[in-house]
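Asker: Residues per chain, in single letters:
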Amino acid sequence: MNPETLLQVQNLSIEFGTSSGRLRALRGIDLEVPKGRIMGLVGESGCGKSTLAYSLSGLLAGNGEVSGGAILFDGADVTKMSDKELRDIRGRRVSMIFQDPMTALNPVITIGRQMLDIQYREPGTNAEKRARAARMLERVGIPDAAAQLGSYPHQFSGGMRQRVCIAMALLTKPDLLIADEPTTALDATLEVQIIELLRELQQEMDCAIVFVSHHLGTVAELCDDVTLMYAGEVVERGSVRDVFHNPAHPYTQALLECDPARMKVATRQLPTIPGMLPNLVDVPQGCIFASRCQHVWERCRSAHPHLSKTATVGHRAACHLLDAEGRT
Amino acid sequence: MSVLLEVENLVVRYPAMGRVRAALRRQEREFDAVAGVSFSIEAGQTLGLVGESGSGKSTVARTLMGLKRAGSGSIRFDGRDITRAGAQDYARLRREIAMMWQDPVGSLSPRLTVGSLVTEPLRIHGKTADMAAEAKRLLEMVGLPEHFAGRFPHQLSGGQARRVGVARALALDPRLIIADEPTAGLDMSVQAEVLNLLAEMQGRLGIAILVITHNLNVVRHITDRTAIMYLGRFVETGPTEQIFQAPRHPYTGALLSANPEPDPDAARARITLTGEMPSPRNRPSGCEFHGRCLRAQPQCSATVPEFSSAGDQHAFTCHFLVRNGAG
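Chains as they are written, first to last, in the numbering used here: chain A, 1 to 328; chain B, 1 to 327.
Since the hints were made in silico from the structure, they are not lab data. Keep in mind that the hints are not guaranteed to be accurate.
[What the hints assert, rightly or not] To spell it out: a stretch of chain B is covered by chain A in this simulated footprint if at least three of its residues, at any positions, have a beta carbon under 8 Å from a beta carbon of chain A; those stretches are: (1) 183-194; (2) 217-224; (3) 257-264.
[Said to hold, decoys possible] Some chain A residues judged to face chain B by a derived CB distance under 8 Å, without partners named: (4) Val108; (5) His154; (6) Ser157; (7) Cys258.
We treat Cβ as the ideally placed atom computed from N, Cα and C, and that holds for glycine.
Pulled out of the complex, with its shape left as it was, chain A reads as follows:
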């Protein structure tokens, strides 16, 4: 493994037991996050991006099971770790920011107490830990931070609560921060503030970030690399610039087309992606996007495409068109 690689997901598959059968939520996921880089994980509802993000710190739901592959965090396989080993990395080396800051904090415990609890493995007295917590709150832009340690979550507004969550996540200076749609529950003008804060803190602390989002504009702005997922598979990955300027997979192309922010002129007819997500209990043979793809040909229905190289180094897409030998 490249020493600069912090996180490597190899051929990861995850299944959920449901009443209608085994739902194959993730299939053969490969990705890599180098130290200190921000990777965007993008896709629409049901593509498995949150399942993947949660599995990175061993937080799968009870009916979920890793059915193959590995998640190597700094060389150690997260999927094989005991509960104790997981607790050792969670909150210290891997932190998480959740989508909804209203429910991520414990409503009956003060912010200060929660920020002390998070430092339970850190050295130092309680007074030192409180001071550290206050400094961190101040850093994320909470006014009058020291006094706010005695406040409860409901005394903060939504934007402030997400700032508190970010402060808690970064308090222990983790190597990897997983942010699961951290701005979805916030208003647009607050989203801008949170994105800027994340970028500043990332540069200060030099941690790697896995940024889960369905908002293409935000990913283009914040991330270095991007991985696109569709129906439980990685369909394209590469640097943000390569992927957004020269999308190689038809799904990426269609998704970028649909973003109303891209259109410079008003239109009454917006582009859409006709069709529906395939059933993941009975995964179709061939390319997972074939039923909705505009460029579909025979091979797409029979053979499953692997991530193939494009013209640019590090930019890959799972599409037969990139390897179109034998096609007229």
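Given chain A, put chain B in place with the hints provided.
Answerer: Below, chain B without anything else, positioned relative to chain A:
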């Protein structure tokens, strides 16, 4: 064209505390969630009402639907004053004004099938028709296959549930549809589908639509006019395309820049506002936006800005002429 809905100086108030506490603290018991807005919609036109949480946009919708009483001001629908209309008047009015609620799945009764959901308005209003045929007609109109009539809401995706919501709104051939966040929680590709459907219905049936949303991108493609709301008041109103091309109010500029295009090399003219929207219980002096505005001057905290005209029914409340948020 004739004016279908005319709202003048609408004020809607909510109580903030009990009478006793208000008397003890010598504070106002109520606060203005909507603090004097005026707008009109012509038959067959679409108006977008854009604002963030707490701007009062959903309160406007609830008041128009008769679910909340107006404190003062007037609402006229098709020439009739409906400001003080009672429950019976509204029962009749709801044939002409239909509502699409914010939560696509939550606004459908979980125990009714899609078929009975889309024909429920007909039954409530005593229409005797062949319900199965009506269900088929309505589902076809919103692009759902006929066999969906037997499904329950939990079997629908977000986009499909939204289509059922559109079908319910269309059932009684209304003249005005109020759509509260019609695309909230939907994926980008599905959002485009729903917007296309609304635009198509509007063009085909000539229905007027009031679209309420926090996302400016949503209004651009389906509305003729847009009003930007902040703290219960309009800060800018005008033809949608003009607002997009040349926003005048700094808040509009900030909202526009908050929806960046997905291009890593695009010139980022992001306008980052500081702070959050103040509470309507404790309104700032002068221009209510001055605390967050990047171009605030001393006069902004002292004087309330009047509506200035930028031509062609484009108006905004700012002491300064702002173009594209720059300069």
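Asker: Does each hint fit the structure? Answer for all of them.
Answerer: Hint check:
no.	hint	in the structure
1	183-194	holds (count 7)
2	217-224	holds (count 5)
3	257-264	holds (count 8)
4	Val108	violated (24 Å)
5	His154	violated (15 Å)
6	Ser157	holds (6 Å)
7	Cys258	holds (5 Å)
When the structure is compared with the earlier hints, violations turn up for hints 4, 5 and for no others.
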